[in-house]
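Protein sequence lines correspond, in order, to chains A and B. Just so you know, we're using full-length UniProt numbering here: the first sequence kicks off at 1 and counts up by one. Just so you know, we're using full-length UniProt numbering here: the second sequence kicks off at 1 and counts up by one.
Derived from the structure by calculation, the hints contain no laboratory data. The structure displayed is predicted, hence computed values, not measured ones. One or more of the hints may lead you astray.
[Stated by the list, open to error] Here are the computed lysine to any residue pairs in the SDA-like style, where the Cα-Cα straight-line distance is at most 20 Å:
hint : chain 1 : residue 1 : chain 2 : residue 2
1    : A       : Lys160    : A       : Ala196
2    : A       : Lys160    : A       : Pro223
3    : A       : Lys160    : A       : Thr200
4    : A       : Lys160    : B       : Gly154
5    : A       : Lys160    : B       : Leu149
6    : A       : Lys160    : B       : Gly236
7    : A       : Lys160    : A       : Ala147
8    : A       : Lys160    : A       : Pro150
9    : A       : Lys160    : A       : Phe222
10   : A       : Lys160    : B       : Gly152
11   : A       : Lys160    : B       : Arg237
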Amino acid sequence: MPSTPAASVIGRRSFLRWSGLAAGAVGGATLLAACGGGSDAGSAPAAPGSNAYGREAIQLSWIKNTEFAGEYMADSRGYYREAGFEGIDLLAGGSASTGVEANLVSGNCWAGLSAPALTAPAVLQGAPLKIVGATYQKNPFCIVSGAGNPIPEPRAMIGKRIGVQDSNDQVWNGLLRANGIDPAQITRVPVQFDAAPLTTGEIDGYLAYITNEPNSLTRRGFPNTTFLFADHGLPLVAETVTVLQETIDNERAKLKAFLRAEVRGWNDAVRDIPGVARLTVETYGRDLGLDIPGQVKEATDQNALVVTDDTRANGLFTMTDVLVEENLRALSLAGSTIAREQLFDLSLLTEVYAEDPSLRVALP
Amino acid sequence: MSAPTDDRPSGGLAPGVAPGRSGGGFAREALAAVARRLAPVAVSLAVILVLWTVFLQVFGVRALIGKNPWDVLEWLFLLPASAANRAQVLGDLGVTFVDAGIGYVAGLVAAALAASVFVLSRPLEQALMPIATLLRSVPLVAMTPLIVLAFGRGLTATGVIGAIVVFFPALVTMVFGLRSSSPWAMELVTVYGGGRLSRLRRVMLPSAVPAFFAAARVGVPAAMVGALMAEWLATGRGSGTRMITAVAGFRYIEMWAAVTVVTAACVAVYALVGIIESLVVARMGLD
Numbered sequence: 001m002p003s004t005p006a007a008s009v010i011g012r013r014s015f016l017r018w019s020g021l022a023a024g025a026v027g028g029a030t031l032l033a034a035c036g037g038g039s040d041a042g043s044a045p046a047a048p049g050s051n052a053y054g055r056e057a058i059q060l061s062w063i064k065n066t067e068f069a070g071e072y073m074a075d076s077r078g079y080y081r082e083a084g085f086e087g088i089d090l091l092a093g094g095s096a097s098t099g100v101e102a103n104l105v106s107g108n109c110w111a112g113l114s115a116p117a118l119t120a121p122a123v124l125q126g127a128p129l130k131i132v133g134a135t136y137q138k139n140p141f142c143i144v145s146g147a148g149n150p151i152p153e154p155r156a157m158i159g160k161r162i163g164v165q166d167s168n169d170q171v172w173n174g175l176l177r178a179n180g181i182d183p184a185q186i187t188r189v190p191v192q193f194d195a196a197p198l199t200t201g202e203i204d205g206y207l208a209y210i211t212n213e214p215n216s217l218t219r220r221g222f223p224n225t226t227f228l229f230a231d232h233g234l235p236l237v238a239e240t241v242t243v244l245q246e247t248i249d250n251e252r253a254k255l256k257a258f259l260r261a262e263v264r265g266w267n268d269a270v271r272d273i274p275g276v277a278r279l280t281v282e283t284y285g286r287d288l289g290l291d292i293p294g295q296v297k298e299a300t301d302q303n304a305l306v307v308t309d310d311t312r313a314n315g316l317f318t319m320t321d322v323l324v325e326e327n328l329r330a331l332s333l334a335g336s337t338i339a340r341e342q343l344f345d346l347s348l349l350t351e352v353y354a355e356d357p358s359l360r361v362a363l364p
Numbered sequence: 001m002s003a004p005t006d007d008r009p010s011g012g013l014a015p016g017v018a019p020g021r022s023g024g025g026f027a028r029e030a031l032a033a034v035a036r037r038l039a040p041v042a043v044s045l046a047v048i049l050v051l052w053t054v055f056l057q058v059f060g061v062r063a064l065i066g067k068n069p070w071d072v073l074e075w076l077f078l079l080p081a082s083a084a085n086r087a088q089v090l091g092d093l094g095v096t097f098v099d100a101g102i103g104y105v106a107g108l109v110a111a112a113l114a115a116s117v118f119v120l121s122r123p124l125e126q127a128l129m130p131i132a133t134l135l136r137s138v139p140l141v142a143m144t145p146l147i148v149l150a151f152g153r154g155l156t157a158t159g160v161i162g163a164i165v166v167f168f169p170a171l172v173t174m175v176f177g178l179r180s181s182s183p184w185a186m187e188l189v190t191v192y193g194g195g196r197l198s199r200l201r202r203v204m205l206p207s208a209v210p211a212f213f214a215a216a217r218v219g220v221p222a223a224m225v226g227a228l229m230a231e232w233l234a235t236g237r238g239s240g241t242r243m244i245t246a247v248a249g250f251r252y253i254e255m256w257a258a259v260t261v262v263t264a265a266c267v268a269v270y271a272l273v274g275i276i277e278s279l280v281v282a283r284m285g286l287d
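Here chain B stands alone, though its shape is the one from the complex (with noise of 0.2 Å):
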């Protein structure tokens, strides 16, 4: 992934298919991009895979709390109540997906909206962004209590929660994007009459694509880990609560099982998002 540099004026100027490529060659790039994006996806379960195994035999965790692959694997598919267990494991998730999901497209879209004002002025963001940089520094379990007697304990909070982990590495990623558009290209907006609006319209915004999509693959898995503390802290639902509780009830297979499949979940969304990236470049023509 590769911020656009200078020398490609051409790129945030005509946003569109690029030219003298056809619709069958996009078609080509497109499953080219598909493949490229899941190679990595493939390499990162089977270092996880390999981590997960080679971690419990290196510091010698016992059995009865270290689980490796193959159980986790037992446990879901091949006991008597593997169909439980299962429904069980991606209810959770579904609840988390909720909660991740809601933080995610809020912190990502404040991002944009904060990055696109920053760029506009300079002063606002000499203002602002040391704000941005206090809600992150702050540990969020110090800050969820706060966050609770706020918004409740509803879909809010964590909405809030999860938008606050998103938002800040997708803030300073964006206005980089969006200042690192090309100079040229600026000043012949400028030329032609055009104001500061029609420069982050025209220019700005088409040319830090690759950096949004960037903040995008980021937060996801920022996104997940704040839906889970959330739960842990705030909702009492979903896989953060289930991990907290199977630890209490010494069931630690459960704990395993929903760290697997919420790991392995992220990796999916991280994945999915990569595609569109690519598919969305290729279409632009700014690859």
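Chain A on its own, in the form it takes in the complex (with noise of 0.2 Å):
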């Protein structure tokens, strides 16, 4: 929860007018203090449960609903442990959490879940990260509106009021540039995560992951039409794992055992949708107030974004060379113009599929 500034202006109004106005300069840079978090040495690989890579945290991009599916098998498994890992903490992202990409610079994460429109703009920035996977092959950012005033695609936003979340800033203007739409054509409201002000006409549309609100609207009554983003000119990947150049460099084997544990955790995922959903409702994500009806809708649409022809091939988590031309060309319209190797390495999940083809598995 994002706290109340208002609070720190409330004080004994000497002590304002001397530190007061100083005081609060600092206060609002204490929410990115950062703390120093440890990694083991990590080129050799590990013996099986041998808690040689010790506990890692890594940085969701979203509270924890199905999103994170994989994970939670991975974990509940014990696919981590295996891997040689003593555990891993899951933190939960969310509106109000700083970014993987910041977390991962400070050190108070060493790996991430984030999306290439985020990554990019910061790796531009001189933030030395690395793409490493992806597990949505097409990105789920849609704009979901009403059946009764329907928006099917990007130019029906023309003249209408769209609610969009100011952490989504770079993919909306990427969608608006994709679709040559001057931005003050349309009305943008800054909204939260929360689609009510969709239901009470305040706005026309709202910047929705597909696998998400959509579903909740139709199933709190309120039928809903919806466009892709990744169907109209941005064809991105998403919860895309995110690391530091030196992890790469340093922690090869750890890494890869850590990518070796979030295949098996997906290829599990991807085929027990109704234990999914149960191990989100009921442990993963028990405080969020969730229904297993709801995340076993999310977790089937999901697949779709999960399981391609492509991934059924390869392996999940891999991109082709196809799918890597096309985020490059995507992000270049979304405003950030990178080239391949400053952005993804994907030789790590190469390796690890060529040194475990049975981590290669049927997939529906």
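Put the two chains together into one complex; each comes in its own frame, and the hints tell you how they fit.
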């Protein structure tokens, strides 16, 4: 939860006069405070269950719903431990949390699940980060609108009020650029992660995850129309495994062991939707008030983003050269022109699958 | 800043140029007042710069995220793109100034009116003060969606959010100021047949001027914070929104520049209110 900044200004006036203003300036910065995170040497493979790789924190891109089904499987079935980790802490993300990129750079997490539209600008600013695999082959960003006032494609947004979260600023601007829409033609309304303004008629469209809000709106009796960013010029991957370059350089074996556990977890997740929903509702997302039918629907929709002809052939998390090129083109449209080797290092995943062909299972 | 005390019964009764003080003396006093107010501003700014730099060092914030004063200075003045950067930051600041100004004025006026009513009628104060307290104890982040539902996302909503932040501390300070007027002066008005309203007008309001200014100074950073929050949650414009979108795009320098400029503006306005206060207080002979 965000704290109330206003609280900091109530103080004795004599105190404020001298130090209150100065304290206010520094107060904002404490939010960004970094705590150093240690990591062991991981250049050599660890014996299974040896705990040699210690505990590491993984920053998730969102709250703990089914989006991280594979991580829940890997954690609950002990795949991380078998890979040599003492444990993996899954850190929930969300609207008010610090981004994956900032947490990686600050040493607050060892790896994170992010998106190229967030990682690429950070790399261009000098953050030494790499994407080593992609859970979602297709990004789930969409614009959801009421069935009575439908927005079936980007240009239909012109003249309407669209709710956009500040944290999705990058993909939103990318969508407009990719479709030649002048931002001035649309009324952008700041929203948080609640689609209620759509149901009250305050806005005509809402930037959502196709797996998430459209389903919950339908269940609440609000029939809706959606269009995917991926179908309109932004074929970006999402839920990308992102790490520091130094992790690849210094802890290659450890990172590969982690990726292997990730693949095992997701192989299970896509083949066991009821299990995923139960694990999410009853264990990992217990505090979120999720329900089984909702998470079953979400996990089913999610499979369409994770399991494609390419991942059936090459394995989960992999990206074909064509997909990488498409992503770089889309990023360029979104304002981040970046070279393949600056952003992606898929060699670890290639090695993981080459060393253990049994990871390539029959996917649904 | 001290509240008037009982040993200065003349203060409230004769607002205006104090006896024996010439025009030239006032001008000199005014200059001295400006100097007195500017010295703390310089100290504030120096303290901010030192704390900022030390903070980044002590907590080891990575340079990619934690920008130091020099980085901000460079971004604003020394790069080829600096002119555009300044235009962006100042444009945002202008929006935030308007947003903050509306809430500031609305909050202070409402507080002054409420404080006057409260000192005239104690039962009313006892009935309404808890509501004012309640208004301020609900976190604004939680209240903003309701305010947006009721007032939309325009200047009205911004004004309401700002006013709520400014109102409560101002109200408490002003009620205190109004109540601390000299009892002898009050009795004098009563003896001459003045009622409650005359006592308020002739004694309480003039002697509460220092308290009003205290509230006005405290209200400056409060209004600014209120405006930033309103911009983030309601309007999607100005410095408040810039700080958030800059972080989302990993453009931390933009966030630091926005924070720097807003803080500097806050210090400047705070000092300005202090200068006006000194002049008014000197003019009224209250100091």
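Okay, the hints, checked on the actual structure:
1. A/Lys160 with A/Ala196: holds (17 Å)
2. A/Lys160 with A/Pro223: The given pair, whose Cα atoms are some 19 Å apart, holds under the 20 Å limit.
3. A/Lys160 with A/Thr200: The given pair, whose Cα atoms are some 15 Å apart, holds under the 20 Å limit.
4. A/Lys160 with B/Gly154: Satisfied, since the Cα-Cα distance of roughly 17 Å is no more than 20 Å.
5. A/Lys160 with B/Leu149: holds (19 Å)
6. A/Lys160 with B/Gly236: Judged against 20 Å, a Cα distance of about 16 Å means the pair holds.
7. A/Lys160 with A/Ala147: holds (15 Å)
8. A/Lys160 with A/Pro150: holds (11 Å)
9. A/Lys160 with A/Phe222: Between A/Lys160 and A/Phe222 the Cα gap is close to 19 Å, so the pair holds against 20 Å.
10. A/Lys160 with B/Gly152: holds (16 Å)
11. A/Lys160 with B/Arg237: At roughly 18 Å apart (the allowed maximum being 20 Å), B/Arg237 and A/Lys160 satisfy the hint.
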